[in-house]
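Residue numbers (full-length UniProt numbering), protein chains in the order written: chain B, 1 to 259; chain C, 1 to 259; chain U, 1 to 305; chain S, 1 to 305.
Think of the hints as simulated: they come from the structure by calculation, not from any bench. We treat Cβ as the ideally placed atom computed from N, Cα and C, and that holds for glycine. Some hints here could point you the wrong way.
Stated by the list, open to error - Quick list of in silico lysine-lysine cross-link-like pairs, BS3-like style, CA-CA up to 25 Å:
| id | chain 1 | residue 1 | chain 2 | residue 2 |
| --- | --- | --- | --- | --- |
| 1 | C | 42 | B | 84 |
| 2 | U | 153 | U | 178 |
| 3 | B | 84 | C | 84 |
| 4 | C | 200 | C | 243 |
| 5 | U | 2 | S | 202 |
| 6 | C | 4 | C | 85 |
| 7 | B | 42 | C | 85 |
| 8 | S | 80 | C | 243 |
| 9 | B | 173 | B | 62 |
| 10 | S | 153 | S | 178 |
| 11 | C | 84 | B | 85 |
| 12 | C | 253 | C | 200 |
To be verified - Non-contacting residues of chain C with respect to chain B, defined by C-beta distances greater than 12 Å in every case (computed):
| id | residue |
| --- | --- |
| 13 | 5 |
| 14 | 153 |
| 15 | 185 |
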Amino acid sequence: MIKKELCQIVSQAEIAEHIFMLTLQGELVREMNEPGQFVHLKIAQHFEPLLRRPISISDIQKDKNQFTMIYRAEGRGTALLSEKKPGDVVDVLGPLGNGFPIHEAKPGETALLVGGGIGIPPLFELSKQLVKQGVNVIHVLGFQSANVVFYEDEFTKLGETYVATVDGSYGTKGFVTNIIEDRKLTFDVLYSCGPTPMLKALENNYLDKKVYLSLEERMGCGIGACFACVCHTGDDPTGYTYKKVCSDGPVFKAGEVLL
Amino acid sequence: MIKKELCQIVSQAEIAEHIFMLTLQGELVREMNEPGQFVHLKIAQHFEPLLRRPISISDIQKDKNQFTMIYRAEGRGTALLSEKKPGDVVDVLGPLGNGFPIHEAKPGETALLVGGGIGIPPLFELSKQLVKQGVNVIHVLGFQSANVVFYEDEFTKLGETYVATVDGSYGTKGFVTNIIEDRKLTFDVLYSCGPTPMLKALENNYLDKKVYLSLEERMGCGIGACFACVCHTGDDPTGYTYKKVCSDGPVFKAGEVLL
Amino acid sequence: MKSLQISLPGLDMKNPIMPASGCFGFGREFSQLFDLSQLGAIMIKATTYEPRFGNPTPRVAETTAGMLNAIGLQNPGLEKVMNEELPWLDQFDVPIIANVAGSQEEDYIAVAKEISKASNVHALELNISCPNVKIGGIAFGTIPEVAKDLTKKVKEVSEVPIYVKLSPNVTNIVEMAKAVEDGGADGLTMINTLVGMRIDLKSGKPILANKTGGLSGPAIKPVAIRMIHEVSQNVSLPIIGMGGVQSAEDVIEYYYAGASAVAVGTANFVDPFVCPTIIEELPELVRRLGFDHISECTGRSWKNG
Amino acid sequence: MKSLQISLPGLDMKNPIMPASGCFGFGREFSQLFDLSQLGAIMIKATTYEPRFGNPTPRVAETTAGMLNAIGLQNPGLEKVMNEELPWLDQFDVPIIANVAGSQEEDYIAVAKEISKASNVHALELNISCPNVKIGGIAFGTIPEVAKDLTKKVKEVSEVPIYVKLSPNVTNIVEMAKAVEDGGADGLTMINTLVGMRIDLKSGKPILANKTGGLSGPAIKPVAIRMIHEVSQNVSLPIIGMGGVQSAEDVIEYYYAGASAVAVGTANFVDPFVCPTIIEELPELVRRLGFDHISECTGRSWKNG
Ligand SMILES: Cc1cc2nc3c(=O)[nH]c(=O)nc-3n(C[C@H](O)[C@H](O)[C@H](O)COP(=O)(O)OP(=O)(O)OC[C@H]3O[C@@H](n4cnc5c(N)ncnc54)[C@H](O)[C@@H]3O)c2cc1C
Ligand SMILES: Cc1cc2nc3c(=O)[nH]c(=O)nc-3n(C[C@H](O)[C@H](O)[C@H](O)COP(=O)(O)OP(=O)(O)OC[C@H]3O[C@@H](n4cnc5c(N)ncnc54)[C@H](O)[C@@H]3O)c2cc1C
Ligand SMILES: Cc1cc2nc3c(=O)[nH]c(=O)nc-3n(C[C@H](O)[C@H](O)[C@H](O)COP(=O)(O)O)c2cc1C
Ligand SMILES: Cc1cc2nc3c(=O)[nH]c(=O)nc-3n(C[C@H](O)[C@H](O)[C@H](O)COP(=O)(O)O)c2cc1C
Ligand code: FES
Ligand code: FES
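Bound conformation, chain B alone (with noise of 0.2 Å):
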């Protein structure tokens, strides 16, 4: 069920540059189940900015009734969020939204997660999920350069991990999809989230696998009334058929929906 709380911030810090993780607390935790939802933030009690800011669950701690996000601080209200400390609240919506399928990899089986930039958050409770579940995995995170990479450590801990910089500043040089093809990864069921070109990439390249992926668009509500998010189905690519990305996504599977 979709709750709205005034949740307090437990902790807050800058893990890399104008890269911050956001622990919240709150009764809502108890209602988070799949990883790859999200949450719809109210930033500030004021009229600007005015509208709440979409952001993925990456970790949730059910016992403690805490999760964490980990977002950019980019314009105005992820800046404002990012001036927040421990005790301050925080006005949630949420969880929203429907989260990646972690039943399609079986257990033995190898996951292979994608993650580019700020789209990687939500990809380590998955792989957390996963892991718990018996699931193999493997993750390939692309980052635009050394000082916002982030979470390399936490991910290896679960699994496998290549770490790709645009700029050749850290690890590979390159693209996510250059790791992927030129270490032959393979892998029963991959899982993605970051920026469309490479949503679209992964997405022609393997039309024959299991692939999830999670989408972003600009929203108004979050939970499916205002026609802000929609995008059109694989199958009716000019018609009138329609998923939203807030409600019925964020994640889809390869082909549901047009990138």
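Once you've looked at the hints, dock chains C, U and S with the ligands against the given chain B.
Using the frame of chain B, we list chains C, U and S with the ligands on its own:
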């Protein structure tokens, strides 16, 4: 000289119902001279509330570079201000306007200081300076009711002090003018700040006396540039001549401007 | 809650608060959050004759104290609304106001005729003011004669009262209001969004794929208040006011301006519980301001006393 | 600062940033805070033939992310502006744009003729759009033919180029822009304020004594951007953009929309140092966005590439 400075909050306390006493520290205290001047506060960095708020200076501590204001948490701006804590900063523009002419009262003479509600604060610094100058001060302070009475003790330390409340829940029931008449208070100079009906009554009652009144008006710039706070002059009540409350006032000699 | 009960043409309402069209879909999502029967009415998403996919994304952009949208009237079309959405909504004890849109006269007429037959549709809201539809659309809302004519034709076929939704993007709003009054409108809803744009600093291009969009939210409230103040003194139709309403205080400001009911749009995205919250807070505010019934507030800004 | 130097009809400017008319008086107050010679230009307070006292107070009210004003064009009149304000301003190395207002044609013509003779007045801004003047006034800004005619007549008597200030309170802004272009305008300034109102919760009456006022500030920026985007593609006049500008980023957004210079109004009240701050920050922002000169930004939102 007018300065703009981020001043730090030294202390803030609720001294009566919704009435706050706020002390700030900053270099611009050096520029504060006359009692009755005001500052123009930008309460939040964001755009809502957008405009600055004019608040009188009620106490100047030159040695510590500190000054105090007393204000009522009324609308959005002052409510937000009242939530600020020591260490937080407030964007201050000031000191602004022309205050009470203290040298109009000579040593040994008697000054009557008449204040109503949140018009009372600037009279405190005025009284301090008059006393220092050897002037005998009498204070007549009017409030709505007992729960919003403030600073009675502080004024009493400086001179004779009478309190009226509209509902009679404290002091004399009625208006400040009742006290002055009933007690047959006499004076050489009268200084006043408070609601317009009170100022009008005083002006009419003491046409032959030296009377100085501090006015309130909704402001835009606070520095004399926008013509928001203009009033007609007393000698040309329907013509083109005008005074600006922010930069010519807020204190005017009775009769100088049309109330 | 007696102090909130009101009757407007076609609408007997528990209270005068309703979600604005396009900001509440067909109610399904919000029904997971609270009981829709609490609402005074529901203005459902614009319905067109044919299904519409709407504009490419991005369809929303934030502005200071406001937002732009260019949804482009996406909706499942008349048939689906009649067969699926309205029957589903019938489980709630709440009158529906159906927002009717189109790109030509015949569309409006066809939709109005059919949708006004639905048992829970108690009124129509004629959307002659959507700034995001390319063909025709906007013209209906800016040319008095055209608006009057359309109103008349829709009135002829509708089985329920019709409220015409006025566009604020006009030189003379009173002229538009009078025209639709002449055309036989039973009420007005105002305002729709102001046309606006935001440009992305990095790309240099408009954020919205549609380039322009409709500005809503607190930013536009003073414009709406002014227009309702003007129009309510010049026509005798009841007005459902909207634009930036976020609180019970805002509702009263709309009443003072001249409104007889109030719709809440963008605020539903900021706080999905805003409608029930306002409904809960209103009676106490009405009482505190010294009124027995909220309808006493209508037009106080220009009425004597 | 080379990247900011620009030339527009009548105006050779160090930079494209200037305070907007009515938000900076005649510069005296701000001259106590910073050196006015830093500014690209100064748009002085509207000048009418006779002195005007303006409207009763309250003249300003705050709105969400904006403000309403109904100053009513208070000014000391042509003679005093010519004899006192303009000579005083002459001590600064900054071109003056004189905002010309009136309630009838003859007023505009008389003021324009005289004030354009002042040596430091490099251009006129024809204020056909002030929403706060009761007689005539607003009509000039909403009827294309009237605006064209007035522009022509003022152009005939003016010794300097004229910029016409457009009102946003119209159905079709492009039509207005084309009309004044036809009338011989040398440039446009846009936008003036949107007509708005706020009502006090306690009294139930409008806060402004004049009831309605002009809405300015960040709230109106998306409307201004949209209008400049539209107009700049349809006329060949340079546009001085304004409406809610608070930062160097806002300036670039106006350029992208189609502006060739930018004026700052309400923000001067929020931060009296905003103009020099923007001027200081602009060169670095222009560079960071990859431009050699700010004028390269003009119209990028609709130009190719
Ligand atoms: C389902 C989903 C999950 C996300 N998860 C994360 C995450 O885990 N970590 C993270 O750093 N970011 C995440 N994002 C992106 C994040 O929402 C944006 O970076 C953020 O909204 C930008 O807000 P701002 O105040 O910094 O920028 P502003 O420019 O002030 O934002 C203005 C408006 O545009 C919207 N907007 C701007 N950029 C984006 C964007 N890229 N995607 C969607 N809306 C945008 C904002 O929400 C807001 O409405 C996610 C987005 C979606 C849709
Ligand atoms: C020269 C001067 C000195 C003042 N000194 C004091 C003081 O020492 N203590 C104190 O409590 N108050 C003082 N006031 C009044 C104070 O400025 C207002 O109470 C305050 O601005 C209200 O802001 P708000 O955010 O609470 O209300 P809001 O209703 O949010 O204000 C909205 C807008 O209206 C203006 N406004 C509202 N009420 C007033 C008012 N009474 N006078 C002027 N503008 C108003 C605000 O400044 C703002 O622009 C003074 C006013 C002036 C002009
Ligand atoms: C996302 C969105 C979609 C909208 N869709 C419609 C619509 O389909 N039909 C309509 O008449 N108005 C539509 N509107 C306008 C609103 O009903 C309302 O008139 C406007 O947003 C002003 O109210 P607000 O400021 O409370 O949002 C839409 C507004 C938004 C924000
Ligand atoms: C207090 C005030 C007074 C104004 N006076 C004038 C004026 O005399 N002449 C004029 O053309 N515009 C006047 N304007 C409009 C501004 O010049 C400007 O067009 C408008 O405020 C939008 O810009 P902003 O949002 O930056 O304030 C005034 C605006 C304000 C806020
Ligand atoms: S954000 Fe409103 S429908 Fe998805
Ligand atoms: S507030 Fe601007 S002139 Fe006084």
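Check each numbered hint against the structure and report the violated ones by number, ascending.
-> 9
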